[in-house]
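Trainee: Given the coordinates of chain A, work out where chain B should sit on it, guided by the hints.
Protein sequence lines, in the order shown, are assigned to chains A and B.
Mapping of the first sequence onto this note's numbering: residues 622 to 992, in sequence order.
Mapping of the second sequence onto this note's numbering: residues 26 to 398, in sequence order.
Careful: at least some of the hints might be erroneous.
Derived DEER-like restraints, expressed as beta-carbon distance ranges [claimed, not checked]:
| no. | chain 1 | residue 1 | chain 2 | residue 2 | range |
| --- | --- | --- | --- | --- | --- |
| 1 | A | Ala-936 | B | Ala-243 | 50 to 58 Å |
| 2 | B | Ala-235 | A | Gly-751 | 39 to 47 Å |
| 3 | A | Glu-638 | B | Ala-235 | 20 to 28 Å |
| 4 | A | Arg-693 | B | Val-361 | 56 to 64 Å |
| 5 | B | Arg-349 | A | Gln-742 | 38 to 46 Å |
| 6 | A | Ser-849 | B | Glu-60 | 50 to 58 Å |
| 7 | A | Gln-742 | B | Val-240 | 45 to 53 Å |
| 8 | B | Leu-223 | A | Gln-742 | 51 to 59 Å |
Source of the hints: derived by calculation from the structure; they are not laboratory data.
Remember, predicted model here, so these are calculated numbers, not experimental data.
The C-beta atom is built at its ideal place from N, Cα and C for all residues, glycine as well.
Below are the chains, spelled out letter by letter.
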Amino acid sequence: MERILEPRFRTLFRVLESPLVTRWLGEPTFDFYAGLVSPMLTARRIVARVEAIHEDTPSVKSFALRPNGHFRGFRAGQHVNVTVEIDGVRHTRAYSPSNAPGARDGVVLTVKRHEGGRVSQWLHDHLQVGDVVELGQAFGDFTAPREPGKLLLVAGGSGVTPIASLLRDVCRRLPDPDVVVLLYGRTYADLIFAREFDALAREHAKVQVHRSVTGEPAASRDLSGRFSTAHLDAVAPDAAERRAFVCGPRALIDDVRALWAERALPSPLRTETFAPPEAAPDADLAPTLRVTAARTARSFAANTATPLLVQAERAGLSPASGCRQGICFSCTCRKKTGLVRDLSTGVVSSEPDEDVRLCVTVPLSDVALDL
Amino acid sequence: MDQSSSRPLEREEIEAFGAELDALRQRVLGSLGEEDARYIRRIRSTVRWTGLGGRALLFASVLPPAWVGGTLLLGLSKILENMELGHNVMHGQYDWMRDPEFRSQSYEWDTVCPADAWRHSHNYLHHTFTNVVGRDRDVGYGVLRIFPEQPWHPGFLPQPLYAVWLALWFEWGVAFHDLELDRVIRGEKSPKQAARELFPVLRKASRQVAKDYIVFPAMAGPLFIPVLAGNATANVLRNVWAFLVIFCGHFTDGVESFQESNLADETRGEWYLRQLRGSSNLEGGPVFHVLTGNLSHQIEHHLFPDVPAHRYGQMAEDVRRIARKYGQHYETGSLVRQFATVARRILRQSFPSRPAKPRPAIGDVPTLQGVAA
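Extracted from the complex, chain B is given alone in its bound form:
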């Protein structure tokens, strides 16, 4: 099922493939300027105005339509802030502006997960070891079995329920996922270390809880409960949306998973190839792309994590062309179709399964591996 439909490449081809992508990256980086600065500031302003508008409407929520409108607007603000602003800024996509407001190392976002923890678990672990089972902690978030290479145990049987639970509380899943509690349970990480890392998470979490569930509801006085409910609903809307987009990025049918052996002596070209094969795009209109933080262009994002995401759409044409030229599969589809394959995978992998057969590794390693086997 996740057998690659991509042609194995010779070493020289891989490096040529990488060189073409490098050239594309340089071309876009060289053209960054005022337009891009204006774009991210417009997103920032939209986040602020929708947030302000949403909270103001919730304060007027004696009228039910105001509650619905306020909740949706606040949810929209949080989605935009997390996906198109926070996620992308923290990748360093706007560091070239040298504006402290959009600086990757100091940005803090509107979610439970502290930015520092995110920069480690996402920017470093996930983007460097994308879809490498055992290294990329985004594979199942430490609770789900996504690929047959993950050993099965009966605890995975109810995992479709875990998945629904994770979707609803996704921001908490993300916040705790960097603590690696599963590794603490298995004795691979000291509880002391985890406790040390827990502190910033709790500090950030209490801030978020205080903001959405105490301060703003209290400011609304008699409307404490409707405002609290609106804020909670907005957070859940954002959680489910982020879960959908992120799970469609790497766990659809057409993507591959990798083993740690793939990482040994990996070249720049091989890294590019793994990113292409391990990621999957979503199709939709311009508004859809912005709402996903342009993670609908997951392939481009993984090839060029530090290029401003609103450029991915335009880069996608070149990436597709390059992929076709080298006989590489370019996985894309609508959100509904792609999520259906993710849902099927979560169901299927809750039961025991075995990897189909040793899949060819990237590059000219397959022949070597074949001999070894």
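One chain only, chain A, in its complex shape:
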């Protein structure tokens, strides 16, 4: 049973995804009864079983997941949304698989434990082998072409996960990959995967791995401090010929971008960061924010004091609405991204994919709504 639920056995899942099940039986009904057979058997939802958990460093764990047949796979460098339920509430976070894509390997998510990060802490403390979590289809364009040519991969901190996937992917697929890897971390202990990367460098002549630490003395063979022109010149004098991928904190991205601009490097640069949206000052009435209505592909300028419902209507949109005072939930709308405050509760929400009542919610940052 378990075996035929895997992505390799797609036919069953394509049948389930047809309107037959969802229209006539109802998805929750099917999932309820099918769940008695196996939690992996669903009408549409992508679920994955935890097959193994590996502790990479004291604050980093890798979770090997085996998704069911609804999962369409991923490309190296993409993200996958993971949904877990914590104290009755579903939380969704995007993680990059750190393994190379391949039919047999499932998805390996490498998660750093963040102080105050509810989901990462929960994954570290509660997720067990055999548990089932919910996934989304892979997304994102931090990906390399099939024949990428020469590569420069720069990673900062836990931004190494999509970089690891890209490196492993080219090392598996190409006969003689030409890759320069530059790893940044506060301490040596923060350099996740450094040892695995060294092993790949030994196997492939043109793969070089360099590391730099910013928060402790560096060994003589390594670089030291933040990304700089000197670092780039030392490890990749041919940077202009290399397709570059950078993933890490905002500051690292800014440094690399600035250098690329300064030198007017012709080579393509792809960047990725995981920074939360910045909050605007509270009482700011000027329409300084941008609200995007994803479904209608429209957007409008917004302030931080007027409920989203009113602002959307002023902008000519017509969201469903009712009492306009937070009672009837007629205007409930999925917030895809952004920071908002619920005026009736005072609660500030920053998570993606939360339901908000537009009539009592004000934006605190740029927001994307499912409108």
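Mentor: Chain B in isolation, oriented as in the chain A frame:
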């Protein structure tokens, strides 16, 4: 008779009263978590298992006890689904879980009325304009005269019969009630608009009819008729039960009705006060409360429509205390006693009657109104 026994409040008192209820609401919302998620999933599972069991027994209904048991079990499943699961989920009581299965905007329930129409007529019209004659369409469901403020005409004379008819076919009454056919007849709403709204109702209705009166009976082969009869009886059981609970929520003796003038500039505190005065509770044991979808705590439901209903029982103690502190009547009683007053009201209002005297509006408006009169 429906003269308020509640003390008129000064404006500051009303806002203080509202603030206490707001604080209670926040306290409960802040404590929502795994327990509540487990509760609603247990209800969901009970709905599924009783539904499956009921239909399975009906398939074995060559034996009469199996028919009776199957019908009762299916009726129970439908009651639980409509009252404790569907109604409450569609109020957004479980939206905080962010589970698509319990999401207010996408939930569809096991009754003729499409969920979208219900969210409009019930969540918006009824809960915002509770017991405001002319605005809250649940006052008499467009067919009954409940309050003397509704103008009388001879058509209301046989209304006790209408009421029985409505009780038996309540799900159809609910489904058509959002179409506002009475307003179409009076020329207040265009037939075109009504026709546009009719389509989703017919689509949902045909689905329900196909399920209970064609597909499942056909699956039973030679037992087509007993299964059809069992399904129909289960639907009627649910209809009558829902009618009883809902009519006892707002039309008992101790509740008040309101005029549109009450709505002008209504504050949060005044809205709370109108909800308290316009709703009425039922007393009973824990099973009774679950079977009513906790609408036995109608007052708490109207004060806090988006708080998970299984918390109302515990909140009721605080609400009672707050009501007493502000000298407000808290209407409650047994189902039998309360329904007797509803039945008497339906009988009485089938004959001409006049509002007793201009009742004091909420807040410090009465003095103003008195001067105006």
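Trainee: Any of the earlier hints contradicted here, and which numbers?
Mentor: Violated hints: none; all satisfied.
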